[in-house]
Amino acid sequence: MLEKSLKNANILIVDDQEANIDLLTGFLKKKGYFYLRNTTDARQTTSLVNESQPDLILLDLMMPHMDGFQVMEQLKPLIPSGAFLPILVLTADFTSEVKLRALAGGATDFLTKPLDLTEVDLRIKNLLEARYMHLQLQNQNQRLEEQVQARTAQLRESEERNRAMLEAIPDLIFRFDSQNRYIDYHAGNLEDLFVPADRFMGKKIGEILPADVANVLTQASNNVLKTGLKFSHEYTLNMHGKPQEFEARIVPCGEKEVLSLVRNITEKKRQENLLKALNRASLVLQQSMTHKESFNKIQEVFNSLNFTAIVWNFADNKTVLVPRYMGYSAALLKAAFNISGVKPKPYKIPIEKIPLYQKVVYQQETCFNENPVDELELLLPDSVKKFAKLIAKLLDLQKMIVAPMVVNGEVVHVFSVQAPDLHQEDIPLVTSFASMLSAVWYKMELFEMAQKEIVERLKAEEQIRQQLQRLSALREIDQAISGSVNLNLTLNSILIHVIGQLKVDAASVLTLNLQTMNLEFSAGRGFRSKAIERSRLRLNEGHAGRAAYEKKIVHIPDLREKPEEFLRKDLLSGEELVSYFAAPLIAKGKVSGVLEVFHRSRFEPNQEGLDYFEILAG
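Those letters in the sequence shown? Residues 1 to 618, by this note's numbering.
Be aware that one or more of the hints could be misleading.
[As the list claims (entries may be wrong)] Cβ pair distances, simulated, as ranges: (1) P563 x E97: 57 to 67 Å; (2) S52 x R280: 36 to 46 Å; (3) K125 x A19: 22 to 32 Å; (4) N540 x G589: 12 to 22 Å; (5) Q136 x Q287: 16 to 26 Å; (6) Q17 x Q147: 42 to 52 Å; (7) K125 x Q424: 46 to 56 Å; (8) E370 x Q147: 46 to 56 Å; (9) K503 x G26: 42 to 52 Å.
[Stated by the list, open to error] List of simulated lysine to any residue pairs, SDA-like, C-alpha gap at most 25 Å: (10) K443 x V322; (11) K242 x N306; (12) K276 x E257; (13) K7 x A83; (14) K276 x P420; (15) K29 x T39; (16) K230 x K276; (17) K125 x T39; (18) K76 x E129; (19) K552 x Q515; (20) K242 x M289; (21) K459 x L115; (22) K268 x H233; (23) K443 x E129.
It should be emphasised that the hints constitute simulated quantities derived from the structure, not laboratory data. Computed from a predicted model, the values in this text were never measured in an experiment. Where is the CB? At the ideal position from N, CA and C, for every residue including glycine.
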């Protein structure tokens, strides 16, 4: 399916050379690409883009009338925000300056002229695959956005419908006379009564309710009697050991009475707060770049609801769950695990042991648990099972909702939220949020993969460039050696390339005087003074002498650590040299001298650099 989609791609070729267009068109047709457009006049590019809506543009940089840089500048307004239209630049000038300028102008990749058709095929295929994946991701994002909007609209419609039903059938109805005395009532739920009926009937509002609430309702009743206008008020009453939210609607009932329609809105408020919190969490989720960052921001939002979130990963061939991110504070976790004797890192949930997690993982169901202590007892060692309730209380494990995080039909993580005030009715909201979280995390993973691929490709290109430079340098050194009878010129040529290719600060060559068997200075570059020219060492004396005597590279990472071992430290005072390398110069199996390199900061080359250094010395 992907291969067929790629072959149906629209490709636009812009090159002022007809031969190049013929070459590319013929090659691409042989490869199965038939939707091809081309022009030798760069000025026609924008109109062709508008007309053909290409999936890929092959663009020559150097053209008359308008070069490739100008073309890319004109294309920018035509590419919608967030869209990915790859531009494959064709150029014979592949300098860093041109490359950087092209990348800044909108280029996606490069082909060097003369063209290698195998490379042309691979790069076109890679760019078309990237565009295809980008379009797929855009479509998925659009579908997810539509699903979220549809779900939000459904929730809003459900909330409005519930509100209308509650307004039509209020939980409590009270009838007051002109003196604000209770003269009648109806209770749909007796639990919503602040005191039993026999205690409030015939009494005034101020004799039953707390003063702050009673004052507002009494004044409201008087105003309703005078004006005939209805009045609404929300208030809180402490009932059954916890606060309850109520809404009172007061309307006239004849000339001397009023009706107060009261309903308990505690659950409505809780649902509103939960929905607002999940919406806030969704917003911060979209603004995060990594899984960890997004989880921390989500937990910050959940803290306002006294919720604690956990994301679980699979382990041991998907037979157990291990915590990846936990919303509990470090101090709280430490206290809980000190009691249980179970450390957080190896803490595991065996899926087969817990029916709730089997449903979540295998049936992709979101589950509500009113008593997590039961599951906790199954997980704890026998010796500490008796502490299950204590640990649950410490971690506030009163109620829990566990939801699967599904990507492409497969459960990839498990999301759970713990709180004292969770209900079965919260399952849809938590399920939707877990679905959104998994989708956003999946996008993050795709983005990270794309970034990694780009970095790896750039690293590979840089490595190839460096290798080519070093090969070129070796060829120049070889030409200098074979084409010159002047030893000083030859040595200076070698040192120029040593400093340039190895990125060191200074280098010198000591040659072996066969009469005295001393190593004597012959050439040097990068030194601040000429003191190095007085260098004279016997074989096996100092670092350079040891390199010559033992016929191997000597590396001193930091000359400052054992300065007494560097016999020429007085000659090089003020040079501020730190790292040191010495390699024997060997010709026909015999040592002819030593190549030294210095760095003014600590320098640890890779193996490739050491190999190149050894080649230079040889």
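Status of each hint after checking the structure:
no. : hint                    : result
1   : P563 x E97: 57 to 67 Å  : violated (43 Å)
2   : S52 x R280: 36 to 46 Å  : holds (44 Å)
3   : K125 x A19: 22 to 32 Å  : holds (23 Å)
4   : N540 x G589: 12 to 22 Å : holds (18 Å)
5   : Q136 x Q287: 16 to 26 Å : holds (23 Å)
6   : Q17 x Q147: 42 to 52 Å  : holds (50 Å)
7   : K125 x Q424: 46 to 56 Å : holds (52 Å)
8   : E370 x Q147: 46 to 56 Å : violated (29 Å)
9   : K503 x G26: 42 to 52 Å  : holds (45 Å)
10  : K443 x V322             : holds (23 Å)
11  : K242 x N306             : holds (15 Å)
12  : K276 x E257             : violated (39 Å)
13  : K7 x A83                : holds (20 Å)
14  : K276 x P420             : holds (18 Å)
15  : K29 x T39               : holds (17 Å)
16  : K230 x K276             : violated (29 Å)
17  : K125 x T39              : holds (22 Å)
18  : K76 x E129              : holds (22 Å)
19  : K552 x Q515             : holds (23 Å)
20  : K242 x M289             : violated (40 Å)
21  : K459 x L115             : holds (22 Å)
22  : K268 x H233             : holds (15 Å)
23  : K443 x E129             : holds (17 Å)
The structure fails to meet hints 1, 8, 12, 16, 20 from the earlier list, while all remaining hints are met.
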